[in-house]
Every structure is written in C-alpha cells, then in structure tokens.
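Chemist: Listed below are the residues making up each chain.
2 protein chains.
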Amino acid sequence: MNIQEWPGGTFSGQTCYKTKQSNMNKTAKTTFEIHPLLRERWSPRAFSNRMVETDKLFRMLEAARWSPSSSNEQPWRFIIGLKGDETYMKIYDTFVEFNQLWAKTAPVLMLSVGHRMSLKNQGKPNVSYVYDVGQAVAHLTIQAMSDGLFVHQMGGFDKEAAARFFDVPAEFEVLTAIAVGYIGDPEVLHPNLKKMEYAERERRPLDTMMFRTKFGTPASFEL
Amino acid sequence: MNIQEWPGGTFSGQTCYKTKQSNMNKTAKTTFEIHPLLRERWSPRAFSNRMVETDKLFRMLEAARWSPSSSNEQPWRFIIGLKGDETYMKIYDTFVEFNQLWAKTAPVLMLSVGHRMSLKNQGKPNVSYVYDVGQAVAHLTIQAMSDGLFVHQMGGFDKEAAARFFDVPAEFEVLTAIAVGYIGDPEVLHPNLKKMEYAERERRPLDTMMFRTKFGTPASFEL
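Quick note, the sequences are listed as chains A and B, same order. With our numbering applied, the first sequence corresponds to residues 64 to 286, in that order. With our numbering applied, the second sequence corresponds to residues 64 to 286, in that order.
One should not assume that every hint holds.
Given that identical chains are not distinguished, each listed pair holds provided it fits within a single copy or across any two copies.
Calculated lysine-lysine pairs in the DSBU-like style (CA-CA distance at most 35 Å, straight line) [stated by the list, open to error]:
(1) LYS277 x LYS222
(2) LYS167 x LYS257
(3) LYS92 x LYS277
(4) LYS222 x LYS167
(5) LYS146 x LYS258
(6) LYS167 x LYS119
(7) LYS153 x LYS89
(8) LYS89 x LYS257
(9) LYS183 x LYS89
(10) LYS222 x LYS257
(11) LYS153 x LYS187
Hints listed in this document are in silico derivations from the structure and should not be mistaken for laboratory results.
The task is simple: from the sequences and hints, build the whole structure.
Modeler: What follows is the structure, given as structure tokens:
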C-alpha cells in the first residue's frame, strides 16, 4: 500500500521516503488487520530536513490534549524545540551519544513531562501520571502519522539535566524525549544505524501477551 | 459528522448511539483539527449488550502488540474476560463500587499488566514499563474506535486482588482495567452517571501544556 493512499489521514501529497525505497518494509506483519495509521507507524532515525509545519505541530499537541487520563487529570506537559532554536539545542545536549548520532536529523525535538501530583486531590500523588503521559504521546504519534509525520521516542537522555535546563519543578518528572519529522534518507545514517533502519519490525507472538483464566494462559477465542 | 462516515476505519455499518442522540455531543472541541478517530474518542459508561466480535478483539490486541516500547521490550500483557465467563466476573469483582455501577454493561473487561523487569538486560528493571503499557492501551483504543468500539479505562479497582485472582507473578504489575464495547443507551445508567454521560468533554487550554524556552512558558509559534 502506498503511504499516500492512506485512508483517514489529512495526509496531502507529501512524498514519503518509504515509497521510494523498495528494499524498506516497515509495515507491521500482523496476523489480524489493524488500522493503517497503526500498521505503518515505526520509529525512524533518519529524518528529512524539511521543517514540520506549525499547524501540524499544533495538531499533534491538540491530539495529546484530548487523550484520556485518570480522573481527567491531564498530567502531560511538553517542551518543544525547533531546529535552530535554543530549546532544541538544550534538549539535544541531554541525549546519550547513541541518540545524538541520529537525532540531529530531526527538525523537532520535544520532552514529555508528567505531573506527579494530583490537581483534584491537593497534596496527593497522581498514581497514573506516567501511564497517562504515555497515552498522550501515543495520541500525538497517531496524529503525526495522519499528517505524514513520524515520531521516535527516546529514554536515552539525561533527565536530571533536562529538568535543570528548563527549570522543571520537583513535582513534575521529565519522562521521554520525542523526535518528530518527515522520513529522510537512511543512507545519511551511521552504518550500524543504517542496518537498523532497513530491518523488519519485530514483535513477540500475540499468544504471549493475551491471557485468559490465568496469567500466562494464552487466550483462545473462536473466530 | 456521522460516525459511520469516518474515514480510515474498517467501520462497517454499525449503528452508533451517538448518531441517535442529538443531545449528546462528545466531539472534542479542538482549536486545531485532529484525526476523527482521536476527536470522537471518549470513555462511555453505557455500553450496548452486543458482544464484541472476536476478530475485532484480536485486532485490538494486535494493535497493542505493534505499539512502540523502550528497547522494544513490549512490557504489555492483557487478561481478557468476556461477559459470562469466569475471567470477566473476577475482573468485575475487583472494581470499586462506583465502577461496578456501570461496568456491568460492558461486554468485555480486560486488565492491562506491565512487566517490571527488562527481558534484554536480565535482572534489571525496565524503567519504562508503565509508560509503554499506557501507549499500548492507547493503540488498542484507536484500533477499537476504527472498528466502531469504545474503550473506558479505570484505575478504581483492587489491583492486589486482581494479581491474586490471576496468579500474576511479582515481577509483573496490574496497571489498569479496560471496558470495551459498543455504545449503549445512557438512559440505563444511574442518574449521577447519566449526567456525566451527557456532559461535554473538557480539557485544560493548550498553552498550559506546551512550553518553550522554559517549563511554564507557553510555546508560541507563528501559524
């Protein structure tokens, strides 16, 4: 399926590197059909130098904004850097060397931050903030995909330095870094990374993650 | 927009309660346009008694399976109960009274479970498992939406009891409960819940969650 034929997106005619590289197959090899926005999602390391349009950036954040959260606490916050600005450089500087190798190709770098404390029950912790920020970033990612953009999340960065650089208060926690952009040419990557960029996507079998009756007992349902 | 006109879904002609209730408006009131699967998503409490088709159930799990995770650890596991079976009853029994009030209308109840430990670095904790399970459930939710189903996640249940009921090993953590089904008639709900079912969805303003330069400084980008 040509990426430009995706149904459901606001995708409007961008060229996508995937369509040019016949030796790259990142489509999820599913047993059961899933929505194209989920099936075609993957986390690239080579981004195009094309800047992300501001309206698409806002749409991604809007998608995160409307994601669900425990008691509607909305514990997600985002710090956004565009290539060339100081925020981008500060975020980049916190990355481990491996991530610095490739993340410099991304036109947008963000940090996701979670609110450890509840706003509805003053003084009490929000036990669900990490989970809920994960969900918000997933929604952001699906929105990005529908606009022809790709997202690559990272845990490999100095979260304490990031908190310091941006004066993140103690009741908030820096959780992940997020690279966003259009797909680029894998050939610009370091040889080791290039290999990963061409590799097929892999997942453990479905029956090792869905159980019934007892944890570990594969769920079997008649089709 | 009629829910049956959604682009991008495999949605195929189910009637949806939303289309029958002109006094119900759950569409996200966005400033920036987002994908219909994200915009129309909400967490209902009144489900139809129509069972979820097995292929749709598998598609939801397949979507979770292909979601991203730190180092591709895939820390998500699911325990799945269908109305009428023992797993369903056990999950239901762990719910707080408030959730029991409405969740009995859902044809499917699941538990999400996270693996605390890394599989790639034996003996080390996976610092990202909660976040990654959150993402997997978001992907599951979007897939459900594209099949005309709705999801309502809960934190209000006895997680220790759930772990005990299903022999969940100590290195796994029960995280959330998940109700899935087709939209039902809000009129069957308890009066307090009925009011919530008709209420508009609300979110904090975008500029309180997207920052630049410094945490708390609203990001402004020219459109």
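Chemist: Check each numbered hint against the structure and report the violated ones by number, ascending.
Modeler: Checked against the structure, no hint fails, so every one of them is satisfied.
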